[in-house]
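Asker: What follows is each chain in one-letter form.
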Amino acid sequence: MRDPKDIIKRPIITEKTSDLMASENKYTFAVDRRANKIEIKNAVKELFNVEVEKVNIMNVRPKRRRVGRYEGKKPGYKKAIVKLVPGNTIELFEV
Amino acid sequence: MTVKFEKIEDNKVKLTVTVEAEEFNKGLDAAFKLVVKDVTVPGFRKGKVPRLIFEKKFGVESLYEEAINYVINNTYYDAVNEAKIEPVAQPVIDADFENMGKDKPFTYFATVVVKPEVKLGLYKGIEVKPLSQIVTDEDIENELNNLLTQHSELVLKEAEAENGDTVVIDYEGFKDDKPFEGGGATNYSLKLGSNSFIPGFEEKLIGIKAEEERTIELTFPEDYHAEDLKGQDVIFKVKCHEVKTLEVPELNEDFIKELNHENISTVAELKTDITTKLTTKKETEAKNHLIDTVVDTASNNAEINIPEEMIENETEAMINDTAKRLEQQGMNLDLYLKYTGGTKAGLHEQFKGQALKRIRYNLTLEEIAKTENIEVTEAELEAEFTKLSESYNLPVEQVKSFFPDTLALEQDIKLRKAVDFLVDNVKEIE
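Chains as they are written, first to last, in numbering that gives the first Met the number 0: chain A, 0 to 94; chain B, 0 to 429.
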């Protein structure tokens, strides 16, 4: 099994994910593109020492960005929304 | 919420209010909602910063001040009710800052001036000497004379002016053969014997006739206000245009017709009318005198230590009232003070005495109402509404809608009943 720190790359903190954290106990991470739900679940369990109820994952598509006449794209990533078993919280997110 | 209170001074109470953690957290939530509106953090729209980010970046402590305000606003009045005190001024608030925090109970201290205790003195059987309510012949005579004088007219007369007559004159004063300032006027109506001019002037005009010219030699009095004229000898040249005398109409039916009063056509009727008017006037006077005396005596007999703050508040309220009234007349306080030559401090001083009296009266009456178990009944309140609706000429329902809270009105009626109680228990002396 790969190192959990390689699977969970960083938390995603936006208005939307903040609401999810507060209301539904769901935490959002950018994860390795190759990871599946089970691996993510185990990684979160190991890293934060919490019980995970379920994991939803999705691929965020790369977005085109243009600077002047040069065109490129922002890389896409895999996003995982991890719902914890009630009673568990993750204290994280340094800003 | 738990409330403890202790007396620290006369009329001063210290409330210790402890609020549960839950309540304090609510305060924090409210504070956050308020503060976040003006906060920008990179990556978030203005006012949309998530709570989590906000607290990490600014610390929960930044919310404390607002949270304390919120908590105090929400709990202070309940605390006051629970402690059963009656504050008369804004409290001075202090808080236990060391032990405060999120998810922790919060304690604050409010030092507040309360309504003073009233120790009633004698208030039942106050001795009052009532004003006489009898209308005497003399009163009627005076009233008739007043009426006649009011309707008297100035008429021209050919004869010499006597004391009490009015002369229309041009005059000019000379000092060392030169006219001096303010020493002259034309077509001036002067009533002889009214003492409106310097001594001697009016006396020396007695006997003057229309179109007559006179030269008067006079000395200005030593205490005259103008420096350069004090004690100076001067000459006044006076020309008289008209001599008028006051003609008092005779009391007869012609005069009464001129008065044009309804249903009054004879002297006897006029006299009866005056008698009834005087009787009501005297009755009201006597009643007011009685009320004034009992309330005054009762409040003087009572022992009250009125706190300074209370007087201050009342005085302020009175000044504001005055200012508002002036504004309704198209004036304002500053302008009014300028005209009357007063200052704000002077006005304050002036009102302070009245305020003190008013507070004294009210406190005494309140205490009497309490001691005597004077309560306001539903019917009395209803009657008051009817009375108000009549005097404002509005439907009762509308008047009621002006008073969402009838407490002030009830208090009013209660105090009035207390006054009635005092009056009923008066001991009349000769």
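Treat the hints with caution; some may be incorrect.
[Claimed, not checked] Partial chain B-side listing against chain A, Cβ under 8 Å, derived: (1) Val12; (2) Phe43; (3) Lys47; (4) Pro49; (5) Met330.
Please keep in mind that the hints were generated in silico from the structure rather than gathered at the bench. C-beta atoms are modelled at their ideal positions from N, C-alpha and C, and glycine is treated no differently.
Asker: If a hint holds in the structure, say so; if it does not, say that too.
Answerer: Hint check:
no.: 1; hint: Val12; in the structure: violated (42 Å)
no.: 2; hint: Phe43; in the structure: holds (6 Å)
no.: 3; hint: Lys47; in the structure: holds (6 Å)
no.: 4; hint: Pro49; in the structure: holds (3 Å)
no.: 5; hint: Met330; in the structure: violated (56 Å)
In terms of the numbered hints stated before, the structure departs from hints 1 and 5, listed from lowest to highest.
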